[in-house]
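With these hints in hand, go ahead and build the complete structure from the sequences.
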Amino acid sequence: MTAEKVADYPRPPRLEVSPDHVLVRVGGDVLFDGVGCMRVLETFHPPTFYLPAASTNQKLLIPAAGRSFCEWKGVADYFDVLVGEQRIHRAVWRYSFPTESFQAIAGWFALYPGLMDGCWLNGEQVTAQPGGFYGGWISSAVEGPFKGDPRHPELI
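The sequence shown: position 142 = 142 (this note's numbering), numbered continuously.
Among the hints, erroneous ones may be present.
Derived CB-CB ranges, DEER-like [as the list claims (entries may be wrong)]:
id: 1; residue 1: D149; residue 2: R14; range: 15 to 23 Å
id: 2; residue 1: E85; residue 2: A3; range: 23 to 31 Å
id: 3; residue 1: G84; residue 2: A3; range: 21 to 29 Å
id: 4; residue 1: F133; residue 2: P63; range: 19 to 27 Å
id: 5; residue 1: G131; residue 2: A3; range: 17 to 25 Å
id: 6; residue 1: E124; residue 2: R151; range: 17 to 25 Å
id: 7; residue 1: A53; residue 2: H152; range: 29 to 37 Å
id: 8; residue 1: V30; residue 2: E85; range: 28 to 36 Å
id: 9; residue 1: G36; residue 2: S140; range: 31 to 39 Å
id: 10; residue 1: Q86; residue 2: G132; range: 15 to 23 Å
Result set (DMTMM-like, lysine to aspartate or glutamate): computed pairs, CA atoms no more than 20 Å apart in a straight line [said to hold, decoys possible]:
id: 11; residue 1: K59; residue 2: D29
id: 12; residue 1: K59; residue 2: D33
id: 13; residue 1: K59; residue 2: D77
Hint data in this document are derived by calculation from the structure and do not stem from the laboratory.
This one's a predicted model, so the numbers in the text were calculated from it and none came from an experiment.
The beta carbon of each residue, even a glycine, is placed where N, CA and C say it ideally should be.
Rendered as structure tokens:
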């Protein structure tokens, strides 16, 4: 399989259905395990996966203070993840009312893979996109350089 070059991803970003099996574990619990996710592809970013709300373990999510704005998707709301005594602040977000181009992910959840115990695509554990602001999933299916990587300051 030839890796996708993130330099070839579009700007503005594209939303597409993912055929991949996604598993997310946090604090010993499963946040998500299944298929039917969406992924956002943007120039120099590894894909960000959006998990369908109906299949996400929302018992682990607590609304968090603050919002952020994306010029492409709109206003994001954040969630803390609470597992036992462990609380991971603002680890998950969603767009409740995204822009027209991203309506398909309204209410779906995205997360920072580096804050989870692990995230897997088709059985392969992914690496988090560098930089604390990005939610990209780096796997063998994608090839950088990636935005946020300090080895590529022109992309930061």
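Verification of the supplied hints:
At roughly 22 Å, the beta carbons of D149 and R14 sit within the given window of 15 to 23 Å. Separated by about 40 Å at the C-beta atoms, E85 and A3 break the suggested range of 23 to 31 Å. Between G84 and A3 the CB atoms are about 37 Å apart, so this pair departs from the stated range of 21 to 29 Å. Judged by the Cβ atoms, the range 19 to 27 Å given for F133 and P63 holds: they are separated by roughly 20 Å.
Separated by about 21 Å at the C-beta atoms, G131 and A3 satisfy the suggested range of 17 to 25 Å. The hint said 17 to 25 Å for the Cβ distance between E124 and R151, and at roughly 23 Å that hint holds. A beta carbon spacing of about 34 Å between A53 and H152 agrees with the range 29 to 37 Å that was offered as a hint. Here the CB-CB span from V30 to E85 is close to 18 Å, at odds with the stated 28 to 36 Å.
Between G36 and S140 the Cβ separation comes to about 22 Å, which falls outside the hinted range of 31 to 39 Å. With their beta carbons about 19 Å apart, Q86 and G132 fall inside the hinted range of 15 to 23 Å. Restraint check: the Cα-Cα separation between K59 and D29 comes to about 11 Å, which is no more than 20 Å; the hinted pair holds. For the given pair, K59 sits about 15 Å from D33 by alpha-carbon distance, which is consistent with the 20 Å threshold.
Proposed proximity of K59 and D77 is supported: the alpha carbons are some 17 Å apart, at most 20 Å.
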